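**Q** Here are the chains, one letter per residue:
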Amino acid sequence: MSERRIRVLIAKPGLDGHDRGAKIVARALRDAGMEVIYTGLHQTPEQIVETAIQEDVDFIGLSCLSGAHMTLFPRVMDLLRKNDASDIIVTGGGIIPEEDIPSLKESGISVIFGPGTPLDEIIDYHKNTIRKH
Amino acid sequence: MEIADRILKGDRRAVARLISMVEDSDPLAVEALGILHPHTGKAHIIGITGPPGAGKSTLVDRLVKSYLLLNKRIGIIAVDPSSPFTGGAILGDRIRMSDLNTEPNVFIRSMGTRGHLGGLSRATGDAVKILDAFGMDKIIIETVGAGQSEVEIASHAHTTILVEMPGLGDDIQTIKAGIMEIGDIFVINKADRQGADRTEMELRAMLELSDAGEWTPPILRTIASNSDGIVALRDGIESHLVYLKSSGKLDILNHQRTREEFLSILGGEISKIILDKVMDGSKLDALVARILKREIDPYKAACDCIREFSENR
Ligand SMILES: Nc1nc2c(ncn2[C@@H]2O[C@H](COP(=O)(O)OP(=O)(O)O)[C@@H](O)[C@H]2O)c(=O)[nH]1
Ligand SMILES: [Mg+2]
Chain A
1 MSERRIRVLI AKPGLDGHDR GAKIVARALR DAGMEVIYTG LHQTPEQIVE TAIQEDVDFI
61 GLSCLSGAHM TLFPRVMDLL RKNDASDIIV TGGGIIPEED IPSLKESGIS VIFGPGTPLD
121 EIIDYHKNTI RKH
Chain B
1 MEIADRILKG DRRAVARLIS MVEDSDPLAV EALGILHPHT GKAHIIGITG PPGAGKSTLV
61 DRLVKSYLLL NKRIGIIAVD PSSPFTGGAI LGDRIRMSDL NTEPNVFIRS MGTRGHLGGL
121 SRATGDAVKI LDAFGMDKII IETVGAGQSE VEIASHAHTT ILVEMPGLGD DIQTIKAGIM
181 EIGDIFVINK ADRQGADRTE MELRAMLELS DAGEWTPPIL RTIASNSDGI VALRDGIESH
241 LVYLKSSGKL DILNHQRTRE EFLSILGGEI SKIILDKVMD GSKLDALVAR ILKREIDPYK
301 AACDCIREFS ENR
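From first to last, the protein sequence lines are chains A and B.
Mapping the first sequence onto my numbering, position 69 (from 1) lands on 69, and the numbers just tick up by one.
Mapping the second sequence onto my numbering, position 125 (from 1) lands on 125, and the numbers just tick up by one.
The following block holds chain A by itself, in its conformation from the complex:
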């Protein structure tokens, strides 16, 4: 009986010290039946990408409140490419100004969930987007 279970890495790159939002999303995805790997605060892009590879996740959810998303998110995308792991779908969240979104998408981030995005919308996105490997 084979059964695919969706695996998601929720990661907090950079120096900000709050992970309340990230934890709420982690719990919501768990309650929707997914396996969520949670790694805590202050992860470097290198750590995030290496974790995603070892855990064979379908998604990486990056959450950043410090304002450093414009350097940290593209760096994660770069490292995924270098490691031949661009099939992993990357989503972003936290405090991201509207005007930054196009360039983040340009760098390969699939979607940005701004503050106040309903949890159901986030869950549906993970259920309906399929990683091709």
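In short, the hints are calculated from the structure, not lab data.
Just so it is clear, the structure is predicted and the values come from calculations on it, not from any experiment.
Note that CB positions come from ideal geometry on N, CA and C, so glycine has one too.
A few of these clues could be false.
Where chain B lies over chain A, by a calculated footprint (3+ residues, C-beta under 8 Å) [to be verified]: (1) 4-15; (2) 21-33; (3) 36-48; (4) 53-64.
The calculated label-pair distances, taken between Cβ atoms and stated as ranges, are [to be verified]: (5) B:Asp285 x A:Glu106: 35 to 43 Å; (6) A:Asn128 x B:Asp285: 29 to 37 Å; (7) A:Leu41 x B:Pro27: 51 to 59 Å; (8) A:His18 x B:Ser210: 47 to 55 Å; (9) A:Lys127 x B:Glu261: 34 to 42 Å; (10) B:Ser271 x A:Lys105: 49 to 57 Å; (11) B:Ser264 x A:Pro115: 48 to 56 Å; (12) A:Pro97 x B:Asp285: 55 to 63 Å; (13) B:His39 x A:His18: 19 to 27 Å; (14) B:Ser264 x A:Met70: 50 to 58 Å; (15) B:Arg313 x A:Arg131: 50 to 58 Å.
On the provided structure of chain A, position chain B with the ligands as indicated by the hints.
**A** Frame of chain A; chain B with the ligands shown alone:
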């Protein structure tokens, strides 16, 4: 390239992918495991179990760092419970192991129990084999100690470490005799806290009740968060491995496990063949309904299936 060949060539993505396949019971995994089989059997498998919050993950982090100083390659399988209702899980053991994420000689995998103990045990066993074939010298399995599942998962280990902490008071009494017996090494972590002496006394008393074999399990104290006592723990683990080898116990353990594994695979395959031939899903459900109504007992039902199979061969 074939996934097994990629693993043997050192491809970490392939290792990760095949572990997912065994977790998802993907039938394609069987062939890859077959190719890996000749390359397994070299790793020393260490189980670490104990109550939530005892400091197991912190201990694993420090122990691995201490093995890295000896140039060992280490695989870690960290098991956390899945929700019995949704099957989802938050796997958080890596929080305590952040420094190991980018260590080239370490591979960490988090697993949820996914509600089937037997299934988890098989997936864990297969993940161990994959990491073994990948060339890991030590493979550490962390599980939360709360009952039968841990005994089952610990049954993959050569050396099992039970972690306790002071201040659980009478809780230690709840460690069942069966669980005490799987411990090769006892660790009292958080020895910086009050009550370590009492915990040690209680452990000693419990140990005296169980059969003394050739190996006397040591009771060690650690303060994982300060890396205190880690070298002594590593030495204890290595002494246990020396004991297993010199006493011939390692060969006996490996033989027993391989035998059990083979018999369980054989049983599964035989029942698959028989069911394919004499039964489809609805016929199976009808038979189960008859057993429920007490029209037939399950042993007789099984014998009938086998008879029908051999008559129609
Ligand atoms: N005081 C003290 N705290 C510790 C020690 N070892 C671990 N901890 C803390 O105990 C908590 C639980 O540790 P963790 O490794 O996640 O426990 P696990 O659930 O058994 O894996 C963490 O906050 C650790 O920092 C120790 O030796 N002394
Ligand atoms: Mg843990």
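**Q** Regarding A:His18 and B:Ser210, is the given constraint of 47 to 55 Å on their beta-carbon distance met?
**A** The hint (47 to 55 Å, Cβ to Cβ) holds, given that A:His18 and B:Ser210 are roughly 48 Å apart.
**Q** Taking 8 Å as the C-beta cutoff, is the stated coverage of the segment 53-64 of chain A by chain B satisfied by three or more residues?
**A** holds (count 4)
**Q** Taking the Cβ atom of B:Ser271 and the Cβ atom of A:Lys105, is their distance within the range 49 to 57 Å?
**A** Holds, since B:Ser271 and A:Lys105 (Cβ atoms, about 51 Å apart) stay within the stated range.
**Q** Taking 8 Å as the C-beta cutoff, is the stated coverage of the segment 4-15 of chain A by chain B satisfied by three or more residues?
**A** It holds, with 3 qualifying residues against the three required.
**Q** With 29 to 37 Å as the target window, see if A:Asn128 and B:Asp285 comply at their CB atoms.
**A** Holds: the Cβ-Cβ distance is about 33 Å, inside 29 to 37 Å.
**Q** Determine whether the Cβ-Cβ distance between B:His39 and A:His18 falls within the hinted range of 19 to 27 Å.
**A** violated (45 Å)
**Q** Between B:Arg313 and A:Arg131, is the Cβ distance one that fits in 50 to 58 Å?
**A** Taking Cβ atoms as reference, B:Arg313 and A:Arg131 lie about 44 Å apart, which means the hint is violated.
**Q** May I ask you to test the hint 34 to 42 Å on the CB atoms belonging to A:Lys127 and B:Glu261?
**A** The hint (34 to 42 Å, Cβ to Cβ) holds, given that A:Lys127 and B:Glu261 are roughly 36 Å apart.
**Q** Using the C-beta atoms of B:Ser264 and A:Pro115, is the stated range 48 to 56 Å upheld?
**A** holds (51 Å)
**Q** Do the Cβ positions of A:Leu41 and B:Pro27 conform to the proposed distance bound of 51 to 59 Å?
**A** violated (40 Å)
**Q** Has the segment 21-33 of chain A got at least three residues whose CB is nearer than 8 Å to a CB belonging to chain B?
**A** Three-residue rule met by the segment 21-33 of chain A, so holds; n is 7.
**Q** Can the suggested window of 35 to 43 Å be confirmed for the beta-carbon pair B:Asp285 and A:Glu106?
**A** violated (54 Å)
In this structure, the earlier hints numbered 5, 7, 13, 15 are contradicted, and the remaining ones agree with it.
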